[in-house]
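Novice: Residue strings, one per chain:
2 protein chains.
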Amino acid sequence: MMADDAKFMKRCIELAGKASGFTYPNPMVGSVIVHEGIVIGEGYHLKAGEPHAEEIAINSVTDRSILPSSVLYVSLEPCSHFGRRPPCADLIISSGIKKVIIGTMDTSINVSGKGIARLKGAGCEVKSGVMEQECRWLNRRFFTFHEKKRPYIILKWAQSADGYIDMERSRDSERKPNWITGKAERILVHKWRAEEQAVLVGAGTIRADNPELTVRDWGGNNPLRLVLSGSGNIGEYEPLFRTKGHNVVFTCDGSAHIKDSVIVKMNDEENAAIRIAEYLYNSGIQSVIVEGGAEVLGHFILKGLWDEARIFYGCDFFGKGISSPEIRGKFLTGDKFTSSTMNVIINEESQNTG
Amino acid sequence: MMADDAKFMKRCIELAGKASGFTYPNPMVGSVIVHEGIVIGEGYHLKAGEPHAEEIAINSVTDRSILPSSVLYVSLEPCSHFGRRPPCADLIISSGIKKVIIGTMDTSINVSGKGIARLKGAGCEVKSGVMEQECRWLNRRFFTFHEKKRPYIILKWAQSADGYIDMERSRDSERKPNWITGKAERILVHKWRAEEQAVLVGAGTIRADNPELTVRDWGGNNPLRLVLSGSGNIGEYEPLFRTKGHNVVFTCDGSAHIKDSVIVKMNDEENAAIRIAEYLYNSGIQSVIVEGGAEVLGHFILKGLWDEARIFYGCDFFGKGISSPEIRGKFLTGDKFTSSTMNVIINEESQNTG
Numbered sequence: 464m465m466a467d468d469a470k471f472m473k474r475c476i477e478l479a480g481k482a483s484g485f486t487y488p489n490p491m492v493g494s495v496i497v498h499e500g501i502v503i504g505e506g507y508h509l510k511a512g513e514p515h516a517e518e519i520a521i522n523s524v525t526d527r528s529i530l531p532s533s534v535l536y537v538s539l540e541p542c543s544h545f546g547r548r549p550p551c552a553d554l555i556i557s558s559g560i561k562k563v564i565i566g567t568m569d570t571s572i573n574v575s576g577k578g579i580a581r582l583k584g585a586g587c588e589v590k591s592g593v594m595e596q597e598c599r600w601l602n603r604r605f606f607t608f609h610e611k612k613r614p615y616i617i618l619k620w621a622q623s624a625d626g627y628i629d630m631e632r633s634r635d636s637e638r639k640p641n642w643i644t645g646k647a648e649r650i651l652v653h654k655w656r657a658e659e660q661a662v663l664v665g666a667g668t669i670r671a672d673n674p675e676l677t678v679r680d681w682g683g684n685n686p687l688r689l690v691l692s693g694s695g696n697i698g699e700y701e702p703l704f705r706t707k708g709h710n711v712v713f714t715c716d717g718s719a720h721i722k723d724s725v726i727v728k729m730n731d732e733e734n735a736a737i738r739i740a741e742y743l744y745n746s747g748i749q750s751v752i753v754e755g756g757a758e759v760l761g762h763f764i765l766k767g768l769w770d771e772a773r774i775f776y777g778c779d780f781f782g783k784g785i786s787s788p789e790i791r792g793k794f795l796t797g798d799k800f801t802s803s804t805m806n807v808i809i810n811e812e813s814q815n816t817g
Numbered sequence: 464m465m466a467d468d469a470k471f472m473k474r475c476i477e478l479a480g481k482a483s484g485f486t487y488p489n490p491m492v493g494s495v496i497v498h499e500g501i502v503i504g505e506g507y508h509l510k511a512g513e514p515h516a517e518e519i520a521i522n523s524v525t526d527r528s529i530l531p532s533s534v535l536y537v538s539l540e541p542c543s544h545f546g547r548r549p550p551c552a553d554l555i556i557s558s559g560i561k562k563v564i565i566g567t568m569d570t571s572i573n574v575s576g577k578g579i580a581r582l583k584g585a586g587c588e589v590k591s592g593v594m595e596q597e598c599r600w601l602n603r604r605f606f607t608f609h610e611k612k613r614p615y616i617i618l619k620w621a622q623s624a625d626g627y628i629d630m631e632r633s634r635d636s637e638r639k640p641n642w643i644t645g646k647a648e649r650i651l652v653h654k655w656r657a658e659e660q661a662v663l664v665g666a667g668t669i670r671a672d673n674p675e676l677t678v679r680d681w682g683g684n685n686p687l688r689l690v691l692s693g694s695g696n697i698g699e700y701e702p703l704f705r706t707k708g709h710n711v712v713f714t715c716d717g718s719a720h721i722k723d724s725v726i727v728k729m730n731d732e733e734n735a736a737i738r739i740a741e742y743l744y745n746s747g748i749q750s751v752i753v754e755g756g757a758e759v760l761g762h763f764i765l766k767g768l769w770d771e772a773r774i775f776y777g778c779d780f781f782g783k784g785i786s787s788p789e790i791r792g793k794f795l796t797g798d799k800f801t802s803s804t805m806n807v808i809i810n811e812e813s814q815n816t817g
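Chains as they are written, first to last, in our numbering: chain A, 464 to 817; chain B, 464 to 817.
Isolated chain A (complex conformation) (with noise of 0.2 Å):
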């Protein structure tokens, strides 16, 4: 039974994962439920506003006279809130199922044990935990906005095959962005921003690239986009990203003013990555992807601020240049990506902002 347990829990991953980037401040969820070995209803919460993916699943059952006897799998803790529908641990315990089996707790405020208490109360039997390291993988970014408060931390960057992240820049060249990757590789990128709910670049980037920072090669949202500029002297960039968008800036010129932009405040810039990630916090971002360059990749590795590194792999040799940042963490691997021209490196010794 074990087994099946987890092979029914997988495909509530694999169903939340369809929604990835799409549910946020929601987590992503799958449900499945099953009646005597058979999977017979599936849903996933498709965005936020939209109904969970245990009421999807649930209304997905043609018999509804089996319901009694049928287990209800789910990767996240069901939810006691009212929203625009009622709670799905009341609409579980009204739909007649008596079993209910969890992938993870939902650790944030609202929820946290109170849908597993619900359920227990009206008589469920209820086991949480089956595939509980998968499925709080699936919703790591959800976990770590609201366990460690701050947004979940993705470094992105590209190196030369001899360790340089781009050639001597200056700001007076009139250089050529360096593409060490191709278009396959910009695609994943397009898909990497599409998943997260901010991207963070430094001046040097805009300067030299004046990028869009969008998912333009892929379907989804665009992030927010943040800037790290401790002169602030970017003005002459407007419109920054050259498209409409909610951008930030974090500067120490307090009287910067950037078109279209916010301006955020910074002491100093020693402390840039701590003070980005807390105005993320407090501004309800739950995850950042921070495609450099090297400077600012520096100030979140030097205060162990990130949870997962990205990296590609060219094949030229630049000679010199900008190294690129050194890291130590543990080699992902399995994931679809990895291959010998990427690598996800995981921080096993990620920092709270405090």
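Misleading hints may appear alongside valid ones.
Heads up, the list lumps identical chains together, so a pair's fine if it works in one copy or across two of them.
[To be verified] List time: in silico SDA-like cross-link candidates among lysine to any residue, alpha-carbon distance up to 20 Å:
| hint | residue 1 | residue 2 |
| --- | --- | --- |
| 1 | K583 | E741 |
| 2 | K510 | G546 |
| 3 | K722 | V524 |
| 4 | K654 | T486 |
| 5 | K612 | I572 |
| 6 | K646 | N685 |
| 7 | K481 | E658 |
| 8 | K728 | G559 |
| 9 | K654 | S483 |
| 10 | K728 | A585 |
| 11 | K766 | E732 |
| 12 | K612 | T570 |
| 13 | K766 | W600 |
| 14 | K707 | R547 |
| 15 | K612 | S575 |
| 16 | K611 | N573 |
| 17 | K612 | N573 |
| 18 | K562 | H720 |
| 19 | K611 | I572 |
| 20 | K561 | K728 |
| 21 | K619 | K793 |
| 22 | K722 | T525 |
| 23 | K510 | P488 |
| 24 | K728 | P531 |
| 25 | K590 | G559 |
| 26 | K619 | S591 |
| 27 | K510 | H609 |
| 28 | K722 | P531 |
| 29 | K510 | R548 |
| 30 | K707 | P514 |
Note that these hints are calculated values from the structure, not bench results.
Since we're looking at a predicted model, the values are computed, not measured.
Please build the complex by placing chain B on the supplied structure of chain A, with the hints as guidance.
Specialist: Just chain B now, kept in the frame of chain A:
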């Protein structure tokens, strides 16, 4: 200047109240922008998901160049959260406004001083606590929910001239509903329902009146409908309330099953008020109006779990019947609805559920 501050804050409160009942789970908020003593912009929060008061007020200003020498008044501390739009604190900062006058702090966990801190951090002059009592009264449901961790509880009943809430009631009698009040009062009650998130009645009311508990004589949202039925024996009155909607039935009979209704099991009827308040808090419901009968009202009065009682006085004498509840509290004066036939009593010793 103080008199002017109060004048402009009163206007904020007036604006905020226009959205009464529509903003859940958000509070009501109004904002006014003043330049050299003249109002140049106004706004209020219409409903959750729509722009906040400050954004509407800022966008209503024609000549944005005078914003840096203008004052923004707002009845509640500006938020610091990204939703569909940037945080209000950021919008105020980037608008150039340098002085912000706030009615009262937002004590909910997501704001709780963060908005004021962000404004001050950006160099804004901030004054909080203007017309504070009135601003807290405006959002008494919101503050009770977040601070006392239970919904705001309003009791409502009508009593005869000789103090009876109802004639003797027998379940088998075929008596008609006995209206103590008339059409004007019914419209007022529908307005009240539109202002609260939930309405509660006892099984006796279902049996005697089978009410709809909707807001059909007033514009607004129907409240969530709650029934307290110790025995759970009201299935014969299906469909409850004759109209579609969410129903929650609190009962000691866990095996009860009532169409379109969520069943919440209670261990005992004695602590029904505590159980209902807890359930509503855990479900994110910020307010409830308890419309009787006498037994249900009694549960809340006995536990001190009520904030406000609204009592209609009829002209008829019943001679005998069910006595109206006895309560102690402060009569609300100056309320436009208080009249010779209606009183509002405030509980100055209202209890937490815990």
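Novice: Each hint: holds or not?
Specialist: A quick look at each hint next to the structure:
Taking the shortest alpha-carbon separations for K583 and E741, only the inter-copy value of 16 Å comes in at or below 20 Å, while the best intra-copy value is 37 Å. For the homomeric pair K510 and G546, the shortest alpha-carbon distances inside one copy (13 Å) and between copies (14 Å) are both at most 20 Å. For the identical chains of this complex, K722 and V524 are inter-copy neighbours only, at 18 Å across copies versus 52 Å inside a copy, given an alpha-carbon limit of 20 Å. Proximity of K654 and T486 under a CA criterion of 20 Å is satisfied intra-copy only: 15 Å inside one chain copy versus 35 Å between copies.
For a Cα distance limit of 20 Å, the shortest separation of K612 from I572 qualifies both inside one copy, at 12 Å, and across copies, at 13 Å. With identical chains, the CA atoms of K646 and N685 are at most 20 Å apart within one copy only, with a shortest distance of 19 Å there and 53 Å across copies. Taking the shortest alpha-carbon separations for K481 and E658, only the intra-copy value of 11 Å comes in at or below 20 Å, while the best inter-copy value is 38 Å. Taking the shortest alpha-carbon separations for K728 and G559, only the inter-copy value of 14 Å comes in at or below 20 Å, while the best intra-copy value is 54 Å.
In this assembly of identical chains, K654 and S483 lie within 20 Å of each other by CA distance solely inside one copy; the values are 10 Å within and 42 Å between copies. Taking the shortest alpha-carbon separations for K728 and A585, only the inter-copy value of 6 Å comes in at or below 20 Å, while the best intra-copy value is 51 Å. When the C-alpha separation of K766 and E732 is checked against a cutoff of 20 Å, the pair qualifies only within one copy, where the shortest distance is 13 Å, while the shortest distance between copies is 55 Å. Proximity of K612 and T570 under a CA criterion of 20 Å is satisfied in both settings, with 12 Å inside one chain copy and 18 Å between copies.
Taking CA atoms no more than 20 Å apart as the test, K766 paired with W600 passes in neither setting, with 23 Å inside one copy and 45 Å between copies. Taking the shortest alpha-carbon separations for K707 and R547, only the inter-copy value of 14 Å comes in at or below 20 Å, while the best intra-copy value is 31 Å. For the identical chains of this complex, K612 and S575 are neighbours both inside a copy (15 Å) and across copies (15 Å), given an alpha-carbon limit of 20 Å. Taking identical chains as interchangeable, the C-alpha atoms of K611 and N573 lie at most 20 Å apart whether they share a chain (16 Å) or sit on different chains (15 Å).
With identical chains, the CA atoms of K612 and N573 are at most 20 Å apart both within one copy (15 Å) and between copies (12 Å). In the homo-oligomer, the alpha carbons of K562 and H720 lie at most 20 Å apart only across protomers (18 Å), although the nearest pairing inside one protomer, at 57 Å, exceeds that limit. Taking identical chains as interchangeable, the C-alpha atoms of K611 and I572 lie at most 20 Å apart whether they share a chain (13 Å) or sit on different chains (16 Å). In this homomeric assembly, K561 and K728 come within 20 Å of each other (Cα to Cα) only across copies, at 15 Å, whereas the closest approach inside a single copy is 54 Å.
When the C-alpha separation of K619 and K793 is checked against a cutoff of 20 Å, the pair qualifies only within one copy, where the shortest distance is 16 Å, while the shortest distance between copies is 62 Å. When the C-alpha separation of K722 and T525 is checked against a cutoff of 20 Å, the pair qualifies only between copies, where the shortest distance is 18 Å, while the shortest distance within a copy is 54 Å. In the homo-oligomer, the alpha carbons of K510 and P488 lie at most 20 Å apart both inside one protomer (9 Å) and across protomers (18 Å), since each shortest distance falls under that limit. In this homomeric assembly, K728 and P531 come within 20 Å of each other (Cα to Cα) only across copies, at 18 Å, whereas the closest approach inside a single copy is 57 Å.
When the C-alpha separation of K590 and G559 is checked against a cutoff of 20 Å, the pair qualifies only within one copy, where the shortest distance is 17 Å, while the shortest distance between copies is 54 Å. Proximity of K619 to S591 under the C-alpha cut-off of 20 Å is found in neither arrangement, the shortest distances being 34 Å within a copy and 42 Å between copies. In this assembly of identical chains, the alpha carbons of K510 and H609 lie at most 20 Å apart only when taken from the same copy (19 Å versus 26 Å across copies). Proximity of K722 to P531 under the C-alpha cut-off of 20 Å is restricted to the inter-copy arrangement: shortest distance 16 Å between copies versus 59 Å within a copy.
In this assembly of identical chains, K510 and R548 lie within 20 Å of each other by CA distance both inside one copy and across copies; the values are 14 Å within and 17 Å between. With identical chains, the CA atoms of K707 and P514 are at most 20 Å apart between copies only, with a shortest distance of 18 Å across copies and 30 Å within one.
Comparing the model with each numbered hint stated earlier shows that hints 13, 26 do not hold.
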